[in-house]
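**Student:** Just need the whole structure built from these sequences, with the hints factored in.
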Amino acid sequence: MIALLFISLLIPAATALLLMLFRTSLNQSSARWVACCGSIAALLFSVLLLVQYRVQVVDPFGSGVMPVASSVDPASAIQPRVEYRQPWLKTGERMQLEMYFGLDGISVTMIALTTLLTVCSVLISWEAIQDRASEFYAAVLILETGLIGVFCAFDLVLFYVFFEMTLIPLFFMIAIWGGPERKWAAIKFFLYTLAGSLVTLSGLIYVVVHTSHEGLTNPTSLPALSAWLATHPLPESMQMTLFLAVAAGFLIKVPVFPFHTWLPLAHVEAPTAGSVLLAGVLLKLGSYGFLRICLPLFPAACLELGLPIIGLLSVIGIIYGSLCALAQRDIKKLVAYSSVAHLGFCMLGLFALNTEGITGSVLQMINHGLSTGALFIIVGMIYERYHTRMMDDLGGLASKLPMIACSMVFISMSSIGLPGLNGFIGEFLSLAGMFKANPLYGVLGTTGVVLGAWYLLTAVQRVFFGTLKEPHHAGHDAVEITDMNPREFLALAPLIVMCLWIGVRPAGLIAIIEPDIKAVAGLFENQDDSPTEAFVQNTTNILNHNAQISIP
Amino acid sequence: MPPYQAINQAAGLIIPEIILLATVCVMFLAGPFLVSETGKAPAGLRHRWGILSLLALGAAMFAWTKAPILEAGAGPFRPDEFVWFVRGVSLVCGMLLTLVLWDQIDDGHAAEAHACLLAILAGVNFVALSNDLVGIFLGLELVSIPTYILLFLARRDWMTHEATIKYFLLSIFSSAFVLYGLSWVFGIAGTTNLTAITEKISAASATTNLGMFRLAMVLIIGGLSFRLTAVPFHFYAPDVFQGVTPSSAAMLSFVPKVVGFTALLRLLPVCFGEANFTDWMPVGAVRVVLMVLAILTMFVGNLLALRQTSLMRLLAYSSIAHAGYMLVGLTVGNSSAGTSGVAALLFYLAMYGIMTIGLFALISAAGTFTRPLRSLADLSGLSKSQPAIALMMAVCLIGLSGLPPTGGFLAKLNLFLAAWSEGTTDGRILAITLAVNAVIAATYYLRLISVMYFEQSTVVLETSRQPAAWIAGCLCAIATLALFLMPQPLWNAAVHALSHS
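Protein chains in written order, with the working numbering: chain A, 54 to 605; chain B, 158 to 658.
Bear in mind the hints are in silico, worked out from the structure with no lab data behind them. Computed from a prediction, not measured in an experiment: that's the story for all the values here. Please note: incorrect hints may appear among the correct ones.
[To be verified] Some chain B residues close to chain A (C-beta under 7 Å, calculated; not the full set):
1. MET218
2. PHE219
3. GLY495
4. LEU560
5. PRO561
6. PRO562
7. ALA599
8. GLN613
9. GLN645
10. PRO646
Cβ atoms here follow ideal geometry from the backbone N, Cα and C, with glycine treated the same way.
**Tutor:** This is the structure:
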């Protein structure tokens, strides 16, 4: 299985290298074909990985969950099932960096999401990127490599390396192929996130140095560190300081209000592929970081600060993001602000610190990736046709572009959280977890669902329904405005299918991520608290049942 | 032991340097005969001198691998593990610098320029090798004097004149500082042999107040800070970098730093009565001085680099800032807890050499001999006109800014770990300053990259083929990436350098 992981990690890197080396001899059309093949190959291997993980780990011969990798301490809250370790740099007796790649349920699903969205990004850039195409696709694929790397890194420094590595290609994507304000957007994005992640690095290094002084032999290995801290917890005041330091980078990345200011700018200026990957996967690095690092390493601080600070900020983010989205005239900015709101749900679920909440949060990461990715793709399609994203200039497009309108309505429903589609499961579980932890935040968070329906449906109504209104210069360059073409259909269809599938049968997905979530949630809940387990089981059963009734 | 035997024995310890200096003599002697009286030289003569220079370096490298590693004794040289490391760094970087110099010198002066470069490298090794105050000072001068010639030879216009004169005067001034400091040491200890001085100090330190050593150490640190370009001894660097050719700037950005840190690592432990720096860490006033130097250097270098429009001035300030990072390692010293600061310093030094020489090599490859890249505007559109050079330059710049996936990231990480794991407030202040400065520095490195990639070119520059510099840049860019994946050998080498019993 680890071989499959390396193949999915190396294919994008190798394709990017190929594109850079033969940059001069590849024209736009051959470059995009190379990129397309590379990204599809990576997708296939990562799906194979997911399937194999499901078969071998979650359900080996129908007999329960496979034990964790041999070297992992059972006390650890992070339990890669498969791992590959290689010494990297040893700078002291107790300071050993490792090339530690591993897989657990959460990482394997996030990898699949990354590769799927990369294929969509490549397909959607097909015509949009005319200039320096091979460099563009190389940037996309390097970004993919970095993202896959983050999700399979189980060494703190390696995690940080991939975390930072994703900045560089996205910086180039925004700054070269972006909109009119691209330079400022790219630099703001880069410096803001870099500054945050250096604070994170300082916090991580403090933990590493501290535990290595205390006697841990490989303090950068996440499972070992987590196991160690489970038996030798840090003093609470230290945990709180470190939690805040480590959270700094992740809060900016997510982004949680009030650290979100870079996001709308970066989204509006980025090319469609950049937006898709930024919203779809890159933002998840923040919540993934919380899940992977903050929760297992600083459990006391999470209990102490998680709800009052992060929970509060998430609730503000949900309401503020939704209201901002409501006020936007630019559809892309609207979607960007909706990301702030949706990731608020994700964070709210995460800091409910119970199994339901965290499950909901992980599902929300995946769902948001699918539906917001699809929304950006649709916005990109409209922009490609009309060269505007202003809602005032558009109207009644459903009669002209029925397929696009249809998918927009579908994706909006998924994003709003209509039962039977994917958005519902994530938001429901997140909020259910939050109600259990703090009903007030739960109630406030729920208003976000209503607001979400308001702004998205308003946008859909204004752009796609009513009397037909097209911008003046639309027909000016004598290109006829046509509905979705097969390529665009191929870019969008998998996302729609996945939205529906997760909405109808979330149990399959939950089964993959559940053991790992329970391991984390076990730090906060009593282990033999069977009602919780029963609750998730019941919820998923009910969800499946309902969905199966309502959908056909 | 009869004198000739002692000389024979000592000569056996410095074979790599003998090879270099013999080549220098050959070049200086034969060079003038191949150039006509009017200064005209047959076209392509510089290639021959370049090849000879590379051959000499190759032979020196071979000798380096065979050179014995011995304990410090009463003799003039102490070829220990540290010398092994410094020799390796200077020879490898010497090869790269030779490649950079290759097309940055006209045929008529190639012999002298290459000879000067080899003499400088031999000087670097002598500073490390010497077991004697006088030997160290001679080594320092063997670096300085050929540097003046090298700066002046490459191009002769008024800017170079001014730069060379500035460098010359300030360098002499700093040498006087060092010499004065060394004479204090001699005055207190009564001998110039490092081993003997160490013994005297460690014997005396229990009873005697060695306050005078503080003055000596401050003078030595001040004088050597000039070579490190540590603030406030940095003022010459921007002017000189701007005036000289990229090849000379490459040399100036790296070799003086190697010399400076080598001399500091040799002299400071001795003043503390330690035979070597295995367990040495600066304490008391010296630590405060070093720490203030480190913090000032990082901040001043990075903040002043932010507003530069001249490429060479910007890189000069960046080189100042890097001296500050390395001073962090020196301040931390070899504390027993956690990562060794000196090893992190040596790792950083080698890594920095690769990245900075690579960058200057690519800058010289992107311009021509008569019209090198000067301002930031000259870089604009480079990604279109010379995509390969722009890409490799971006790799070096990302490395210098300390971002993954480059060896520069690991180098900064090691310094950070070393400072942090020391466990004192000073160490943490240094570590945090380092992190803050990494962000400030990222801004201007990013600006260079964005100029190359995002701006339309305004000036049409001629280009010339400079394969040697191109190869050097390419090797450096590859090494920057490769040392990210396989850093352990370099780290082991740095630790080995400290492993002296």
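**Student:** Please go over all the hints and tell whether each is borne out by the structure.
**Tutor:** Here is how each hint holds up against the structure:
no.: 1; hint: MET218; in the structure: 25 Å, violated
no.: 2; hint: PHE219; in the structure: 29 Å, violated
no.: 3; hint: GLY495; in the structure: 6 Å, holds
no.: 4; hint: LEU560; in the structure: 6 Å, holds
no.: 5; hint: PRO561; in the structure: 4 Å, holds
no.: 6; hint: PRO562; in the structure: 6 Å, holds
no.: 7; hint: ALA599; in the structure: 6 Å, holds
no.: 8; hint: GLN613; in the structure: 12 Å, violated
no.: 9; hint: GLN645; in the structure: 6 Å, holds
no.: 10; hint: PRO646; in the structure: 10 Å, violated
Of the hints listed earlier, those the structure fails to meet are numbers 1, 2, 8 and 10, in rising order.
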